[in-house]
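Visitor: Each residue of the first sequence is one higher than the one before, starting from 13 at the first, in the working numbering.
I should point out that these hints are in silico values taken from the structure, not numbers from a laboratory. There's no promise every hint is true.
Listed below are the simulated EDC-like cross-link pairs for lysine to aspartate or glutamate, each with C-alpha atoms no more than 20 Å apart in a straight line [what the hints assert, rightly or not]:
#, residue 1, residue 2
1, LYS334, ASP25
2, LYS77, GLU212
3, LYS24, GLU325
4, LYS148, ASP246
5, LYS148, GLU254
6, LYS232, ASP246
7, LYS148, GLU30
8, LYS232, GLU254
9, LYS21, GLU127
10, LYS40, GLU30
11, LYS421, ASP407
12, LYS197, ASP246
13, LYS380, ASP368
14, LYS270, GLU187
Pairwise CB distance ranges, derived in the manner of DEER restraints [stated by the list, open to error]:
#, residue 1, residue 2, range
15, ARG128, HIS360, 26 to 32 Å
16, LEU330, THR71, 29 to 35 Å
17, GLU250, ARG128, 18 to 24 Å
18, ILE26, LYS47, 53 to 59 Å
19, HIS360, ASN76, 43 to 49 Å
Ideal Cβ placement from N, Cα and C applies to all residues, glycine included.
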Amino acid sequence: MAEIIKVLKGTKDILPQEVNMWQLLEKKADQVFSKYGFKEIRTPIIEYTELFSRGVGDTTDIVNKEMYTFEKSDRSITLRPENTAGVVRSYIENGMTRLPAPVKLWYHGPMFRYERPQAGRQRQFHQVGVEMFGVKQPTADAEVILAAVNYLKALGLNDLDVEINSLGCPKCRNEFKNNLKEVLKPYFDELCDDCKNRYEKNPLRLLDCKIESCKKIFEKPEVQEVINSDFICDECAEHYTELKLYLNKMGVHYTENKLLVRGLDYYNRTVFEIKSNNLGSQNAVCGGGRYDSLVAQLGGEDTPAVGFAMGMERLISLITPKEPKRLDCYIVSNFPVDAFVLAEELRHQGLNVEFDLANRKFTKQMEKASKTAKYAFILGEDEILKHQVSIKNLDNGKQITADRASCTKMLDL
RNA sequence: GCGGGUGUCGCCAAGUGGUUAAGGCCUCGGAUUGUGGUUCCGAUAUUCGUGGGUUCGACCCCCAUCACCCGCCCCA
Numbered sequence: 013m014a015e016i017i018k019v020l021k022g023t024k025d026i027l028p029q030e031v032n033m034w035q036l037l038e039k040k041a042d043q044v045f046s047k048y049g050f051k052e053i054r055t056p057i058i059e060y061t062e063l064f065s066r067g068v069g070d071t072t073d074i075v076n077k078e079m080y081t082f083e084k085s086d087r088s089i090t091l092r093p094e095n096t097a098g099v100v101r102s103y104i105e106n107g108m109t110r111l112p113a114p115v116k117l118w119y120h121g122p123m124f125r126y127e128r129p130q131a132g133r134q135r136q137f138h139q140v141g142v143e144m145f146g147v148k149q150p151t152a153d154a155e156v157i158l159a160a161v162n163y164l165k166a167l168g169l170n171d172l173d174v175e176i177n178s179l180g181c182p183k184c185r186n187e188f189k190n191n192l193k194e195v196l197k198p199y200f201d202e203l204c205d206d207c208k209n210r211y212e213k214n215p216l217r218l219l220d221c222k223i224e225s226c227k228k229i230f231e232k233p234e235v236q237e238v239i240n241s242d243f244i245c246d247e248c249a250e251h252y253t254e255l256k257l258y259l260n261k262m263g264v265h266y267t268e269n270k271l272l273v274r275g276l277d278y279y280n281r282t283v284f285e286i287k288s289n290n291l292g293s294q295n296a297v298c299g300g301g302r303y304d305s306l307v308a309q310l311g312g313e314d315t316p317a318v319g320f321a322m323g324m325e326r327l328i329s330l331i332t333p334k335e336p337k338r339l340d341c342y343i344v345s346n347f348p349v350d351a352f353v354l355a356e357e358l359r360h361q362g363l364n365v366e367f368d369l370a371n372r373k374f375t376k377q378m379e380k381a382s383k384t385a386k387y388a389f390i391l392g393e394d395e396i397l398k399h400q401v402s403i404k405n406l407d408n409g410k411q412i413t414a415d416r417a418s419c420t421k422m423l424d425l
């Protein structure tokens with residue numbers, strides 16, 4: 013036998029028995045996001061590499077070491093590692109800046125990151141998300157968060173933790189970064205290697221280090237003072253306060269997490285995450301925030317925006333699986349031509365129908381029917397002559413004989 | 001990139017140095033040649049991820065290699 017070819021590391025087949033879960037996620041997304049006026053958009057899976065290095069930020073790990081990039085006709089092309097940059101590109105390119113604000117878009121689809129796979133993390137994974145353009149007021153942030161929460165509720169996920177924080181604007185955030193670096197400077201040598209790295213690259217990330225020795229340093233009074241200082245400027249603070257007001261009013265339960273920092277460069281002001289404690293260490297199902305400078309950064313008119321993305325695999329692992337659909341009827345007959353004709357008749361009437369293509373024994377066909385269908389349609393010599401069909405309810409064993417023309421009316425489907 | 005774990009049939013597994021590698025599920029066939037889902041009988045791994053080595057003898061011990069899983073980093 014020839015050698016078996018296997019799926020790539022970090023990729024997975026979505027098999028027939030789980031496809032209905034994916035369809036559910038997509039259907040609910042359409043239902044819920046439509047209520048908020050979001051329209052679905054589908055952008056290409058490949059984009060120019062520059063879109064991500066400029067959009068997501070080339071200091072991020074995602075762009076730095078996790079992209080699937082290849083050259084074609086002298087252009088560098090990348091499999092999208094996330095979809096905000098792509099949606100923003102499309103927004104600009106298709107002149108959506110001229111559409112009346114807000115422009116609300118949602119999407120779902122595969123993303124690609126070259127990482128070591130583990131629980132809740134694959135190299136090809138799927139995200140569903142929304143992006144809203146053109147509103148700087150915190151109502152937009154609140155509506156986006158509400159859409160996320162209600163989507164999760166629609167999936168039966170009620171008990172997830174919503175965490176929010178404000179990163180401020182670039183100006184006040186930089187001030188905070190500098191203060192933080194300043195106060196930690198004396199302890200630099202005591203930090204773990206990861207933290208030393210973060211100290212330079214992204215000081216905000218320092219704060220959620222899990223190493224005890226680092227935690228101890230962060231607990232020192234002078235460090236705590238900086239962490240807890242309301243570094244954000246008046247405008248940012250007002251935005252944040254208003255957001256919380258809306259969330260309270262809408263009954264969204266959230267916790268404020270000063271240590272919540274998102275990894276992508278483009279976020280400012282509002283950031284949020286929704287977490288579950290049933291997911292192992294990759295516990296975030298949803299991450300998002302405001303990115304007011306991204307549209308301009310990618311060459312569009314200065315446009316405020318806010319959005320989120322959810323990991324669909326992570327969602328699915330939290331949802332209780334649905335029973336697969338049963339066939340409406342299975343035709344049991346030793347007359348394949350007549351069985352085939354009847355099957356087509358019934359299919360045209362909207363039923364899901366199968367019959368035995370291999371013409372096996374009657375009892376085998378019956379067995380197959382009972383395992384896969386609600387009704388067995390029995391088509392023997394008598395029935396064919398009288399233009400009838402015997403219908404057996406496989407749950408209760410009751411059987412009737414009916415005219416072919418009206419037989420489906422006898423069903424209670 | 002770093003750390004830990006696991007690989008025996010399509011799936012779940014027992015076996016941890018001694019002739020033919022348990023068992024269960026699924027699949028297929030038969031009992032039952034026009035009435036199932038229950039039951040009963042039968043079939044399906046010359047081979048234990050792969051390649052070497054040790055041994056009279058290896059699924060079992062050693063080395064290497066590959067694959068997958070879990071954790072760190074990072075993220076959804």
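Visitor: Each hint should be assessed against the structure and marked as holding or not.
Guide: Here is what the structure says about each hint:
no. : hint                           : result
1   : LYS334 with ASP25              : holds (18 Å)
2   : LYS77 with GLU212              : holds (18 Å)
3   : LYS24 with GLU325              : holds (10 Å)
4   : LYS148 with ASP246             : holds (15 Å)
5   : LYS148 with GLU254             : holds (12 Å)
6   : LYS232 with ASP246             : violated (27 Å)
7   : LYS148 with GLU30              : violated (40 Å)
8   : LYS232 with GLU254             : violated (31 Å)
9   : LYS21 with GLU127              : holds (10 Å)
10  : LYS40 with GLU30               : holds (16 Å)
11  : LYS421 with ASP407             : holds (18 Å)
12  : LYS197 with ASP246             : violated (28 Å)
13  : LYS380 with ASP368             : holds (9 Å)
14  : LYS270 with GLU187             : holds (16 Å)
15  : ARG128 with HIS360: 26 to 32 Å : violated (51 Å)
16  : LEU330 with THR71: 29 to 35 Å  : holds (32 Å)
17  : GLU250 with ARG128: 18 to 24 Å : violated (42 Å)
18  : ILE26 with LYS47: 53 to 59 Å   : violated (27 Å)
19  : HIS360 with ASN76: 43 to 49 Å  : violated (56 Å)
Going through the hint list in order, the structure does not satisfy hints 6, 7, 8, 12, 15, 17, 18, 19.
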